[in-house]
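> Okay, here's what each chain looks like letter by letter:
2 protein chains.
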Amino acid sequence: MSYFMIEKMEEVKLMNFEKKMKIFQEDLKKKFDVAFISPGLNFYYLTGLSPASTLERLFLLVVPADGNLVIIAPKLYQNELKSSWISNIVYWEDKDDPYEILKIFMANLERKTGNLLIEDSMPSLILINIMKYIGQYRLEPISTVISKFRIIKNEEDLKCMERAADIVDRVFYDLIEKNLEGKTEIDIATLIDQLMRNFGAEGTSFETIVASGANGANPHHTPGNRKLQKGDLVILDYGARYQGYCSDITRTIAIGHVSDNEKKVYEIVKDAQENAFRSVKAGVKAKEVDYSARKVIERCGYGAFFFHRTGHGIGLDAHEEPYITSTNERILENGMVFTIEPGIYLSGKFGVRIEDDVLVKKTGERLTKAKRELVVL
Amino acid sequence: MSYFMIEKMEEVKLMNFEKKMKIFQEDLKKKFDVAFISPGLNFYYLTGLSPASTLERLFLLVVPADGNLVIIAPKLYQNELKSSWISNIVYWEDKDDPYEILKIFMANLERKTGNLLIEDSMPSLILINIMKYIGQYRLEPISTVISKFRIIKNEEDLKCMERAADIVDRVFYDLIEKNLEGKTEIDIATLIDQLMRNFGAEGTSFETIVASGANGANPHHTPGNRKLQKGDLVILDYGARYQGYCSDITRTIAIGHVSDNEKKVYEIVKDAQENAFRSVKAGVKAKEVDYSARKVIERCGYGAFFFHRTGHGIGLDAHEEPYITSTNERILENGMVFTIEPGIYLSGKFGVRIEDDVLVKKTGERLTKAKRELVVL
Numbered sequence: 003m004s005y006f007m008i009e010k011m012e013e014v015k016l017m018n019f020e021k022k023m024k025i026f027q028e029d030l031k032k033k034f035d036v037a038f039i040s041p042g043l044n045f046y047y048l049t050g051l052s053p054a055s056t057l058e059r060l061f062l063l064v065v066p067a068d069g070n071l072v073i074i075a076p077k078l079y080q081n082e083l084k085s086s087w088i089s090n091i092v093y094w095e096d097k098d099d100p101y102e103i104l105k106i107f108m109a110n111l112e113r114k115t116g117n118l119l120i121e122d123s124m125p126s127l128i129l130i131n132i133m134k135y136i137g138q139y140r141l142e143p144i145s146t147v148i149s150k151f152r153i154i155k156n157e158e159d160l161k162c163m164e165r166a167a168d169i170v171d172r173v174f175y176d177l178i179e180k181n182l183e184g185k186t187e188i189d190i191a192t193l194i195d196q197l198m199r200n201f202g203a204e205g206t207s208f209e210t211i212v213a214s215g216a217n218g219a220n221p222h223h224t225p226g227n228r229k230l231q232k233g234d235l236v237i238l239d240y241g242a243r244y245q246g247y248c249s250d251i252t253r254t255i256a257i258g259h260v261s262d263n264e265k266k267v268y269e270i271v272k273d274a275q276e277n278a279f280r281s282v283k284a285g286v287k288a289k290e291v292d293y294s295a296r297k298v299i300e301r302c303g304y305g306a307f308f309f310h311r312t313g314h315g316i317g318l319d320a321h322e323e324p325y326i327t328s329t330n331e332r333i334l335e336n337g338m339v340f341t342i343e344p345g346i347y348l349s350g351k352f353g354v355r356i357e358d359d360v361l362v363k364k365t366g367e368r369l370t371k372a373k374r375e376l377v378v379l
Numbered sequence: 003m004s005y006f007m008i009e010k011m012e013e014v015k016l017m018n019f020e021k022k023m024k025i026f027q028e029d030l031k032k033k034f035d036v037a038f039i040s041p042g043l044n045f046y047y048l049t050g051l052s053p054a055s056t057l058e059r060l061f062l063l064v065v066p067a068d069g070n071l072v073i074i075a076p077k078l079y080q081n082e083l084k085s086s087w088i089s090n091i092v093y094w095e096d097k098d099d100p101y102e103i104l105k106i107f108m109a110n111l112e113r114k115t116g117n118l119l120i121e122d123s124m125p126s127l128i129l130i131n132i133m134k135y136i137g138q139y140r141l142e143p144i145s146t147v148i149s150k151f152r153i154i155k156n157e158e159d160l161k162c163m164e165r166a167a168d169i170v171d172r173v174f175y176d177l178i179e180k181n182l183e184g185k186t187e188i189d190i191a192t193l194i195d196q197l198m199r200n201f202g203a204e205g206t207s208f209e210t211i212v213a214s215g216a217n218g219a220n221p222h223h224t225p226g227n228r229k230l231q232k233g234d235l236v237i238l239d240y241g242a243r244y245q246g247y248c249s250d251i252t253r254t255i256a257i258g259h260v261s262d263n264e265k266k267v268y269e270i271v272k273d274a275q276e277n278a279f280r281s282v283k284a285g286v287k288a289k290e291v292d293y294s295a296r297k298v299i300e301r302c303g304y305g306a307f308f309f310h311r312t313g314h315g316i317g318l319d320a321h322e323e324p325y326i327t328s329t330n331e332r333i334l335e336n337g338m339v340f341t342i343e344p345g346i347y348l349s350g351k352f353g354v355r356i357e358d359d360v361l362v363k364k365t366g367e368r369l370t371k372a373k374r375e376l377v378v379l
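Chain order of the listed sequences is A and B.
Positions 3 to 379 (this note's numbering) are the ones given, in order, by the first sequence.
Positions 3 to 379 (this note's numbering) are the ones given, in order, by the second sequence.
Hints listed in this document are in silico derivations from the structure and should not be mistaken for laboratory results.
Fair warning: this is a prediction, and the values are worked out from it, not measured in the lab.
Watch out, some of these pointers could steer you wrong.
Identical chains share a label here; the pair holds if one copy fits it or two copies do between them.
Only pairs whose alpha carbons sit at most 30 Å apart, straight line, appear in this in silico DSBU-like list of lysine-lysine [what the hints assert, rightly or not]:
#1 Lys283 x Lys229
#2 Lys97 x Lys363
#3 Lys272 x Lys97
#4 Lys364 x Lys161
In isolation and in its complexed conformation, chain A is listed as follows (with noise of 0.2 Å):
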């Protein structure tokens, strides 16, 4: 994944980066020595780079609580970095072996309190490699002390995030002026990926679904070759990507009719969403917003199907911390933002799903706004 590549650095940019660079290491220094950062989210969210590296070549941000800041990376990156405000960079060549720069950046260290803070999404291989180099520490994943950080998003945050959203928001008002019947999921999923391009995402913020029929009664489907017909009700999920931050919408349409049933469920899934969505303010609980989903669709029987969890942040990640569980006793702040998105899935019949983006304030506030109403095309 590259999402966004900042290829000249602003000025204000380049402050911000630095202040976060500053904060996060300030509280490192509470337990731990070094952070070590590969490429990813963490990584562009501290330094503004996003390198697209590859598994089998080390590439490092090492952060240490005190001191400087280091870049292990293949030489092969040399120009890609030359625009980063990290100055210290040790470039390697394939016949070098990194790891043993990395041990000699260990035994010069001053502070030797044994824990270490490792990016969540290192390869593991990378992992036990370090391991064996520098000997046992105690290890914990970064997002136990990044996510405080980056679970409230500040005025920048948001503009990406509102663009995001109003991407995905066009796709849909676009798509449901074509004719689908006939045409794949697969089909369906490369046109909506398409579409987010035109409309100005980097990319998308995760694998879009596309699930008709009874495919939708599966909340995770992959879009095959089935084709649309006139009777199905669709689910369409998807992201896109705006200078590194995610939006996440989900849609269920009705292609030539919909039978009682159909509108019934998908009626009971609307309420469900809107119910929840309304009971979003600073201060509540997460799970009390899975709660107000979740009852209202017990109320109509229809517990037993409905079988995930309400929501998930949303912001580098397309999935990270709040979580809308029945049991995240978080209490939800200003500027958090997560999706709602209650479904019900009949196994071998159909499914329904209606998902958008909820910035926290006073009370809740709707980032994807596409109709919710049924469209029958």
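Given chain A, work out where chain B should sit, using these hints.
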């Protein structure tokens, strides 16, 4: 990445997977208690299943050296796993703690040598969590065991790889019929991806590279908004995926006209690639192939501008063993497939790279066959 999902597995394929798994388990016994395999290419190689799982939900294939396989999966994937030939699946819901299931499994293991095999691409978050629950083990990346199986392609693998190679050839011939001048790198990358799908690819095997003019001097350039203009050399590096298997091709083309110097550099790279190709046969070392490319470029005085390895193995992974580096002593065997992709990169000016996928037999055999003579559009 969701490459390929066998929806209804044929009898033959099913036997194939059961056989592969048995061979793997036999080998596992030599040293390990268990292998933990998160979704990805090894998961697919051994099971034919490629669930599109998420980072934060535990989805694990547990292969004990003795005893029965088990899959620990979020309940969300129940439908997707219905056709699985592995019947022992423990589903968990968002309210459960899936690591407790793993803990119980490990407590009941009879074999306790203390060695664990871990999927290379498993996110560190999951590995750290696993370790917290099951305690200390000696960890080894799964590639150290499984690559000796995956490195030799059988007839079925090769059928898929030939098809994937054929797709990228067709895309090249299609592309050079078009007018590319004035289009941005992103436009062309999008077009290439679309063409690959049109010709039957499930997707790309990596992020498509289009690097024009001076951008070509960066081997891993991310396509940007630069427009192709007369006098540009343009590097096109892309790959298709077919039934999970990858191809990877690079061609460098010229827009409008080409200078004498560019033409000279182009011919050096082409000769280097050809020379390396001719050196391929079962029995020679990987480093000899690297040397065969490198010496042509060095002899012409451009040694310093070819600063990456000559190639990498390819199969289910776009990058896998054998790596064609200056130090790899591995002896090439029948059925191995790798890329040969020398390049010359002149910072601030331009770059040239030519790449084919080559199968080892008595001699080498190119899977990608698109013409290598310089095309001037």
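> Tell me, which hint numbers fail for this structure?
Violated: hint 1 alone.
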